[in-house]
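S.K.: With the hints as constraints, model all of the structure from the sequences given.
Chains as they are written, first to last, in the working numbering: chain Z, 204 to 555; chain Y, 204 to 555.
Heads up, some of the hints might be wrong.
As the list claims (entries may be wrong) - Example chain Y residues on the side facing chain Z (calculated, C-beta under 7 Å, incomplete):
1. 402
2. 412
3. 424
4. 428
5. 430
6. 458
7. 459
8. 461
9. 462
10. 465
11. 466
12. 469
13. 506
14. 511
15. 519
Note that these hints are calculated values from the structure, not bench results. Using N, Cα and C, we set each Cβ at its ideal position, and we do this for glycine too.
Protein chains: 2
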Amino acid sequence: MSDDTPTAIQSIEWRGDHVRIIDQTYLPKRKVYSDIRDMGRMWEAIKKLRIRGAPAIGIAAGYGFYMGIKELPESSFQSFWVEVQRVEEYLQSARPTAVNLEWVINRIKTTMQAHKDKPISKIKEIALETARTIHDEDKRICKKIGENGVKLVKKNSNILTHCNTGSLATGQYGTALSVIFHAHKAGKKVSVWVTETRPLMQGARLTAWELKQAEIPMHLITDSAAGLLMQRGEVDMVIVGADRVAPNGDTANKIGTYPLAVVAKENDIPFYVAIPLSTIDNNIDHGDDIEIEEREGEEITSFNGSQIAPKKTEAYNPAYDITPNKYITGFVTEKGIIEPPFDKNFEKLFDE
Amino acid sequence: MSDDTPTAIQSIEWRGDHVRIIDQTYLPKRKVYSDIRDMGRMWEAIKKLRIRGAPAIGIAAGYGFYMGIKELPESSFQSFWVEVQRVEEYLQSARPTAVNLEWVINRIKTTMQAHKDKPISKIKEIALETARTIHDEDKRICKKIGENGVKLVKKNSNILTHCNTGSLATGQYGTALSVIFHAHKAGKKVSVWVTETRPLMQGARLTAWELKQAEIPMHLITDSAAGLLMQRGEVDMVIVGADRVAPNGDTANKIGTYPLAVVAKENDIPFYVAIPLSTIDNNIDHGDDIEIEEREGEEITSFNGSQIAPKKTEAYNPAYDITPNKYITGFVTEKGIIEPPFDKNFEKLFDE
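M.R.: See the structure below:
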């Protein structure tokens, strides 16, 4: 798989003075590019899932952060910094559960502070450079995750994945899908069960699209059908991404991940989570500390603007669930495969 | 809840010379009645889920069977009987997994054979009478199931249910929903988590509609969100219906039932299956003997005629899964609650 294969598409790109994204709400029907020139538009794009997937959200937020600060008055660092914090809070409110968003902005802020004695115009440039560096790093990290995961994949195996974790969700390659892409490239002859991923259908719309572009054999299933397939021996491995991982390995990921993990364990099927190490949130202890984003009930009661449920039906629409560490066989990271006990083994990595 | 409450709607009704059904493919938007006057239309109505739910399919098949035989030549019983078998095979092909369909037709045939010495015109009348008796019995049985299940429901509890098992799915009241209706009527102050039930959305379209008609508090969720709710202690009991139950308790029900049962057990939540005893198939030994109906992939790749997945995406769409008996706390039947060991306790019932 060379960089010019269709799998290596760019979901987000910095173009001199603005960002160009593929608006994922139009996929797979149409490939619509959208040019984003201010922070408000970026907030909307993140909130409405035009750009989505933990790492891509982080990259987008980095550029959005720069757009938010670039026109700020340059009179004093102190008053500039007050406004910088407001920009940060505003962007964070678009997806409160996305640790990558927080991580990217914190990293840019730390770099800015290290240069606080420079002219503010220069500090703004440094912010943009840092955002671009983070984007480039993400591409390299995703490639590494894919390469590291290949050894877990048996030849001729059936892999089940949930939601979308591919090039669309990251700088390039993806996390869980990067493992699948690289296993395919290495001649492992994999076949993929793609869960449609209700309510927003990221599996049906995005993962199916990416796998078809890469010509990897796949079948789409409802989220509910995964259990039957696991019970019948039709799944050799489950691999998913994550939105936030606690230092003990408890994992917040797309709603439906937890039941997949429980049923996988019940059927002795390895369950892997592929993440860049930046997904680990060292400010928390375990999964209970993770706030679950609740999204609008209309995502369930309607589809494509047409009502499914009776009018005024109340719906509960959590975006994530928490998979306790005991259901997870291992994490695939840019630094290799991490096995239990996760708390100790993650710590070792961060100490290196 | 008296018989004139909206929950006691008639999904299927014999009207002298034809059947009137509520065409469930239009719900919840419109309440469309459809008059069915021949077997071919009944086959289509069963196949296309215009009438659905195990007991309702049986009742419909009984009337459809009568429509299929009423015009047959009356020259000799033998040649009549050959055609009767063809009618049976044809109707069975509409929903091969529906044991109630088979059961109803077998019962009508047995009654007909007991009267084989009578004029064929008389035997045809007997077939209709039997179909009507089966319909009346179903209403009584469903009421009994509901009444028997009430004692399992704790006051102020949250009940999770899957698919549709209410008045729409049966002669009246339903199976799992009958328990919920009767618990509500008994003042148990229940609240219901309704899984939308992909791909055909019977939960979102039908169960939500029936519960709203009965003014029972409810929230709609995606099938994937049930895990999070169970993990967080928001579910006190799961109750579902079944399409076919093996004598050992292994249960075929709507796809997604098996993962619900596994996650319920993992979280120590009671998992009940509400069935008329006719759902038990004594011709098989266990769940592996049950054929899984595979439906068209288009039910997943499209929604309301609009394409979701990329064109030419292959989908795997099993209609049912099998929940092994070890995940089931008990069966709620018209003869009471059946606890494990199911094989022995079912046998006792049939011996009574």
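S.K.: Please go over all the hints and tell whether each is borne out by the structure.
M.R.: To see whether the hints hold, each was checked on the structure:
no., hint, result
1, 402, "holds, 5 Å"
2, 412, "holds, 5 Å"
3, 424, "holds, 5 Å"
4, 428, "holds, 5 Å"
5, 430, "holds, 4 Å"
6, 458, "holds, 5 Å"
7, 459, "holds, 3 Å"
8, 461, "holds, 4 Å"
9, 462, "holds, 4 Å"
10, 465, "holds, 5 Å"
11, 466, "holds, 5 Å"
12, 469, "holds, 5 Å"
13, 506, "holds, 5 Å"
14, 511, "holds, 5 Å"
15, 519, "holds, 5 Å"
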